[in-house]
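Enquirer: Kindly produce the complete structure, drawing on both the sequences and the hints.
Chain residues, written in single-letter form:
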Amino acid sequence: MSRSKITTDLTILVIDENAIRGSIIEEGLNEAGHLNVRVIHEMQGVARLIETMDPDVIIIDIENPNRDMMEHMFQLTRMISRPIAMFVDRSDTAAIEAAVDAGVSAYVVDGLKKERIKPILDMAVSRFNAFSRLQRELAEARSALEERKVIERAKGILMRMRGMSEEQAYALLRQTAMNEKKKLADIAQSVVTAAGMLL
Amino acid sequence: MSDRVSTQSGDSAVKAPSRVRGKEQRLLRAGYIPLMDAAILIVAAELGFAEREGLRLELVRDVTWANVRDRLAFRQFDIAHMLSPMPVASMLGLGSNPSPTITPFSLGRGGNAITLSARIFERMKSLTGLADDAGALANAKALAALLADMRARGEAMPTLGMTYPFSSHNYEFRYWLAAGGINPDRDVKLVVVPPPLTSDALSAGAIDGFCVGAPWNMIASERGTGRIVAAKQDIWPLAPEKVLGMRPEWAETNADTVSRLIVALDRAARWCDDAQNHNELAEILSAPDYIAAPTSIIRSVLSGEFSLDAQGTTRVVPDYFLYHGKAANYPRPDQASWIYSQMIRWGQADFSEEGMARVTSAFRPDLYEMALGANAATPDEPGERSASGYDGFMDGEIFDPRDVQAYAERFAVRSTSSGDDVTEA
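Protein chains in written order, with the numbering used here: chain A, 1 to 199; chain B, 1001 to 1425.
Keep in mind the hints are simulated off the structure, nothing from the lab. If you're wondering where the values come from, they're calculated on a predicted model, not measured in any experiment. Check each hint, because a few of them may be wrong.
[Claimed, not checked] Here are a few chain A residues that sit away from chain B, every Cβ distance over 10 Å (derived from the structure): (1) Ile20; (2) Glu31; (3) Gly33; (4) His34; (5) Asn36; (6) Thr93; (7) Lys113; (8) Glu140; (9) Leu172; (10) Leu198.
[Unchecked claim] Taking lysine to aspartate or glutamate pairs in the DMTMM-like style, the calculated list, with each CA pair at most 25 Å apart, reads: (11) B:Lys1023 / A:Glu97; (12) B:Lys1189 / A:Asp54; (13) B:Lys1189 / A:Glu51; (14) B:Lys1141 / B:Glu1122; (15) A:Lys113 / A:Glu97; (16) B:Lys1189 / B:Asp1149; (17) B:Lys1189 / A:Glu42; (18) A:Lys114 / A:Asp61; (19) A:Lys182 / A:Glu140; (20) A:Lys183 / A:Glu147; (21) A:Lys149 / A:Glu137; (22) B:Lys1189 / B:Asp1200.
Each residue gets a CB set at the ideal place from its N, CA and C atoms; glycine is no exception.
Expert: This is the structure:
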């Protein structure tokens, strides 16, 4: 009764502890025409949800510590009548490696045609990658800002304590960094730390 | 790599070796879960045992056994710290994404224990007059009595945590419960909890007990939230624990590397077992990159000094954790048979002769012996009445590896049909 899904849309469950990434995936799925999508961020009550929702595809981030719990659930309850496979087509190693690299893992109801699943997984992989690229860029921007701040503070300390001009202070920091083969920000940080201890 | 280059000038009298040495992989990516028995891999990488054999180990910490399995299958790992039932399940095609896996080396013996919440243990004591120093079987029977009492009062059944459906913890927990007369599929609710979260889950009241590897039991008992009621040694000292898993085709194309690796791990295992090194080992393992647990607790695990509860009840379990002694590294095919018997007992698998062949092919003592030669440890004869024999079970049962089917069906408490009635209500 519940398994007449050959022609209807696929039911997809996305489990992601990162709410933002989860909604990015959901949006991508909706754009691709999948409207039976549910995103959850925590495992509370997930067993019952899977039972009632009976998803065809479950996408879960690979860093989720609850994957072992999920697999136990599949074992126990046989909630999905057919066995569940990690990937539809084991021979497509490039696609599988891309997925694992991106941090995507998926459970798919056995017997679904791979043409139906592959676009979903590809989309998840590219969105996961885009998300981590964004995060990396954000982290880089943040640390660049931090570095600039610490260099400003170090310059200020040198100007105050050694009566230097701003240019002189900067030149001294840069020369020291070059001599010691270290990053300018690291030298600046040690000036700030040393000043903190001396004052 | 420069030796063995065969330069033959013209003459076809001598054939080139079919496989040229030196092409084998020497940098190995090894996946592990932060547990005490990842120590042999960690020590081999940290203290130069791998390097001495011309290998480099790149250790990658992971969060779930499912990930370890998938990353090994999809070639992101070359070798991996695994639960001993995982290669067995993979050879039987059980679970999600099974991919053939073998083990030529076991990563130690012991380390598991069963912990119940202090609240449950107090109720067991007041209901049955259970002694503080009662044995594993008495504790299991007292829990059975408490469960009956709870049922009579209309209380919900307790939730108990273990680590993975194909784990020693699952089978040992079930063994202990069933020996006390408890049906693990009907009388309690078994759930999976990631090992590092077990102690917190117990404190939070999300679970009422768990079976997990070291050091997590001790962490719960030191906190006073848990009471250790059985150690692996109580249930069956010979019970297999973690193994080093690899893909069979990888092991074949990297045969020389596998031998070197086994030599490196053997030396690392001897080092780990030496009590003189335990302070240093505890220091290494407690680092945030590895287990990230207090050094003092890791030190007590290594010496088998159990604090059973926060009131200072202690117990010393000899050989609680063995990295090398008692042939701990020997990958015994009869252990794989025992795992198979428990899979049958609990409805995860059916018995067949073909299944037997697949199961025993997962454990590869031939590779272990070939690598170590005269240094290979030889396990005791199983028939002997000894702690490492087949007869050391808590309920007096004796395992017969020649008749796995009869052994599996002999248990009074087991899954009745092959899993079909194991559904959640």
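Enquirer: So, for every hint listed, does it hold in this structure?
Expert: Evaluated hints:
Non-interface status of Ile20 (chain A) relative to chain B is upheld: no Cβ of that chain comes within 10 Å, the nearest being about 20 Å off. For Glu31 (chain A), the condition that its CB be more than 10 Å from all CB atoms of chain B holds, with the nearest at approximately 28 Å. For Gly33 (chain A), the requirement that its beta carbon stay farther than 10 Å from each beta carbon of chain B is met, with the minimum near 27 Å. The claim that His34 (chain A) lies off the interface holds: its Cβ sits roughly 23 Å from the closest Cβ of chain B, which is beyond the 10 Å cut-off.
Annotated as non-interface, Asn36 (chain A) keeps its C-beta farther than 10 Å from every C-beta of chain B; the closest such distance is 22 Å. Thr93 (chain A), annotated as away from the interface, has a beta carbon of chain B within 10 Å; the closest lies near 7 Å. Distance check on Lys113 (chain A): its Cβ is at least 19 Å (rounded) from any Cβ of chain B, clearing the 10 Å threshold; non-interface status holds. With a least beta-carbon separation of about 24 Å from chain B, Glu140 (chain A) lies farther than 10 Å from that chain, consistent with its non-interface assignment.
At roughly 36 Å, the least C-beta separation between Leu172 (chain A) and chain B is larger than 10 Å, which holds for a residue marked as non-interface. The beta carbon of Leu198 (chain A) sits about 31 Å from the closest Cβ of chain B, which is more than 10 Å, so the claim that it is off the interface holds. At roughly 24 Å between alpha-carbon atoms, Lys1023 (chain B) and Glu97 (chain A) fall within 25 Å of each other, so this suggested pair holds. Under the criterion of a C-alpha separation no larger than 25 Å, the hint pairing Lys1189 (chain B) with Asp54 (chain A) is consistent with the structure, at around 22 Å.
For the given pair, Lys1189 (chain B) sits about 17 Å from Glu51 (chain A) by alpha-carbon distance, which is consistent with the 25 Å threshold. With a C-alpha separation of about 14 Å, the suggested pairing of Lys1141 (chain B) with Glu1122 (chain B) holds against the 25 Å cut-off. For the hint pairing Lys113 (chain A) with Glu97 (chain A), the CA-to-CA distance comes to about 20 Å; that is within 25 Å, so the pair holds. For the hint pairing Lys1189 (chain B) with Asp1149 (chain B), the CA-to-CA distance comes to about 16 Å; that is within 25 Å, so the pair holds.
A threshold of 25 Å between alpha carbons decides the hint, and for Lys1189 (chain B) with Glu42 (chain A) the separation of about 20 Å falls inside it, so the pair holds. With a CA separation close to 21 Å, the supplied pair Lys114 (chain A) and Asp61 (chain A) stays within the 25 Å bound. Straight-line distance between C-alpha atoms of Lys182 (chain A) and Glu140 (chain A) comes to about 18 Å, which keeps the hinted pair within the 25 Å bound. Proximity of Lys183 (chain A) to Glu147 (chain A) is assessed by CA-CA distance (about 10 Å); at most 25 Å being required, the pair is judged to hold.
Distance hint between Lys149 (chain A) and Glu137 (chain A) is fulfilled; the C-alpha atoms sit about 18 Å from each other, no more than 25 Å. At roughly 18 Å between alpha-carbon atoms, Lys1189 (chain B) and Asp1200 (chain B) fall within 25 Å of each other, so this suggested pair holds.
Hint check: a violation occurs at hint 6 only; the rest are consistent with the structure.
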